[in-house]
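J.: Spelled out, the chains give:
Number of protein chains: 2
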Amino acid sequence: MSEASTRLGQVLVVCAPSGTGKSTLINKLRAEFPTFGFSVSYTTRAPRGNEKDGVEYHFISRETFVAMRSRGEFCEWAEVHENFYGTATKPVTKMLDQGMDVLFDIDVQGAKQLRKTFYKGTFIFLMPPSRKELMQRLTGRGTDSEESIAKRLANADGEMAQAEFFDYWIVNDDLDKAYEELRAVYMAGRCKPELRTDVEDILKEWN
Amino acid sequence: MSEASTRLGQVLVVCAPSGTGKSTLINKLRAEFPTFGFSVSYTTRAPRGNEKDGVEYHFISRETFVAMRSRGEFCEWAEVHENFYGTATKPVTKMLDQGMDVLFDIDVQGAKQLRKTFYKGTFIFLMPPSRKELMQRLTGRGTDSEESIAKRLANADGEMAQAEFFDYWIVNDDLDKAYEELRAVYMAGRCKPELRTDVEDILKEWN
Numbered sequence: 001m002s003e004a005s006t007r008l009g010q011v012l013v014v015c016a017p018s019g020t021g022k023s024t025l026i027n028k029l030r031a032e033f034p035t036f037g038f039s040v041s042y043t044t045r046a047p048r049g050n051e052k053d054g055v056e057y058h059f060i061s062r063e064t065f066v067a068m069r070s071r072g073e074f075c076e077w078a079e080v081h082e083n084f085y086g087t088a089t090k091p092v093t094k095m096l097d098q099g100m101d102v103l104f105d106i107d108v109q110g111a112k113q114l115r116k117t118f119y120k121g122t123f124i125f126l127m128p129p130s131r132k133e134l135m136q137r138l139t140g141r142g143t144d145s146e147e148s149i150a151k152r153l154a155n156a157d158g159e160m161a162q163a164e165f166f167d168y169w170i171v172n173d174d175l176d177k178a179y180e181e182l183r184a185v186y187m188a189g190r191c192k193p194e195l196r197t198d199v200e201d202i203l204k205e206w207n
Numbered sequence: 001m002s003e004a005s006t007r008l009g010q011v012l013v014v015c016a017p018s019g020t021g022k023s024t025l026i027n028k029l030r031a032e033f034p035t036f037g038f039s040v041s042y043t044t045r046a047p048r049g050n051e052k053d054g055v056e057y058h059f060i061s062r063e064t065f066v067a068m069r070s071r072g073e074f075c076e077w078a079e080v081h082e083n084f085y086g087t088a089t090k091p092v093t094k095m096l097d098q099g100m101d102v103l104f105d106i107d108v109q110g111a112k113q114l115r116k117t118f119y120k121g122t123f124i125f126l127m128p129p130s131r132k133e134l135m136q137r138l139t140g141r142g143t144d145s146e147e148s149i150a151k152r153l154a155n156a157d158g159e160m161a162q163a164e165f166f167d168y169w170i171v172n173d174d175l176d177k178a179y180e181e182l183r184a185v186y187m188a189g190r191c192k193p194e195l196r197t198d199v200e201d202i203l204k205e206w207n
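In order, the protein sequences belong to chains A and L. Here the first sequence stands for residues 1 to 207, where the numbers follow UniProt numbering. Here the second sequence stands for residues 1 to 207, where the numbers follow UniProt numbering.
Incorrect hints may have been included.
Pairs involving identical chains hold if they fit within one copy or between any two copies, as the list cannot separate such chains.
Stated by the list, open to error - Taking lysine-lysine pairs in the DSS-like style, the calculated list, with each CA pair at most 27 Å apart, reads:
(1) Lys132 <-> Lys22
(2) Lys94 <-> Lys151
(3) Lys132 <-> Lys116
(4) Lys90 <-> Lys52
(5) Lys116 <-> Lys177
(6) Lys28 <-> Lys204
(7) Lys151 <-> Lys112
(8) Lys132 <-> Lys52
(9) Lys120 <-> Lys132
(10) Lys90 <-> Lys177
Calculated from the structure, these hints are not laboratory results.
Can you make the complete structure from the sequences, with help from the hints?
T.: Pasting the structure below:
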């Protein structure tokens, strides 16, 4: 009976150069829509503080990670500061089958990996209104060293050069407007025929 | 400076079996967004009442219509009750270049013609929640003869069988929900890279 029980979930991939306001926008979306599932990543780094296995991360050994990776179990993975991080495909697919959406807050390299498994996902690129504005935002936070800012800007340069990869572009020159667009892209994605398995039931009556 | 002056307009094509509530939804969208241009169609039928050439229609002769059609000037045309109706491509393209969106409220055959010229347009199929519900809506209006209702239902059967053609499916089981989805699909379409010529200016700074 319920629509949510039969339609498929959407893979929503959101990328943005650091300082674009991505976290704020994603948190707003998660808060408005209870339809997102959470995927717990795998990592080879040691737990910190109160982190629990299976909650913040699945903490696994380097050998296990490499074995899983060689079996093709990750839809994306990366090495950061000599530790591996990865998302297993199976739990994501399970959530999608149950009608839950899955949001990936990830860098451009990760997005490109995800496209191979979830090629019908919705790939969104958020961008700042200008390079100057981004510099001001990064500097204005007052929390980062000059070196760190320079590094973020260099990363931004690299990511902006790959904007063409994405299905949708959202310019964050106004937070409310950018959120309305993100929300629209998400809602529109839910209307794509390949996810509307619930509609197949309606169509059966006509065929 | 203004975004609207440089981005390209979107072709929005909306199809629905008669009785689905298409007109209500389209009127709401046009009322909310002032970004839609109006395209005046061509017809070979005679003007009625106060109709003025170039306002309701461009009234042209059958010979002129056939000549325009053979020159490929129409992006869609149809014959209804021995009269021709058609939309000229050039004025539509001009509006799109100026950043105006163009909405086509058209049948499935017309939509299929439009895809040939505007293959990157946004093609939406609105549908009733069930065949039974559609029958009740058509009967409940009390304005149509039994014969007319039977004909509308037969048309609906034919159109529903072509649902696969469309990019988006919206089920009108609740008018507010259906409108929110239509609005989202429209807004999301405006975020597609091929229309965001304004963003090209941002990207130039980075390349």
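J.: Now look at each hint and say whether the structure bears it out.
T.: Right, here's what the structure says about each hint:
Proximity of Lys132 to Lys22 under the C-alpha cut-off of 27 Å is restricted to the intra-copy arrangement: shortest distance 18 Å within a copy versus 45 Å between copies. Taking the closest pair of Cα atoms, Lys94 and Lys151 never come within 27 Å of each other, the shortest separation being 37 Å inside a single copy and 44 Å across copies. In this assembly of identical chains, Lys132 and Lys116 lie within 27 Å of each other by CA distance neither inside one copy nor across copies; the values are 34 Å within and 41 Å between. When the C-alpha separation of Lys90 and Lys52 is checked against a cutoff of 27 Å, the pair qualifies only within one copy, where the shortest distance is 21 Å, while the shortest distance between copies is 63 Å.
In this assembly of identical chains, the alpha carbons of Lys116 and Lys177 never lie at most 27 Å apart, being 31 Å within a copy and 33 Å across copies at closest. Taking the closest pair of Cα atoms, Lys28 and Lys204 never come within 27 Å of each other, the shortest separation being 37 Å inside a single copy and 30 Å across copies. Only within a single protomer do Lys151 and Lys112 lie at most 27 Å apart by alpha-carbon distance; the minimum there is 21 Å, versus 50 Å between protomers. Taking the closest pair of Cα atoms, Lys132 and Lys52 never come within 27 Å of each other, the shortest separation being 41 Å inside a single copy and 53 Å across copies.
Taking the shortest alpha-carbon separations for Lys120 and Lys132, neither the intra-copy value of 34 Å nor the inter-copy value of 33 Å comes in at or below 27 Å. Taking the shortest Cα distances, Lys90 and Lys177 never come within 27 Å of each other, neither inside one copy (35 Å) nor across copies (32 Å).
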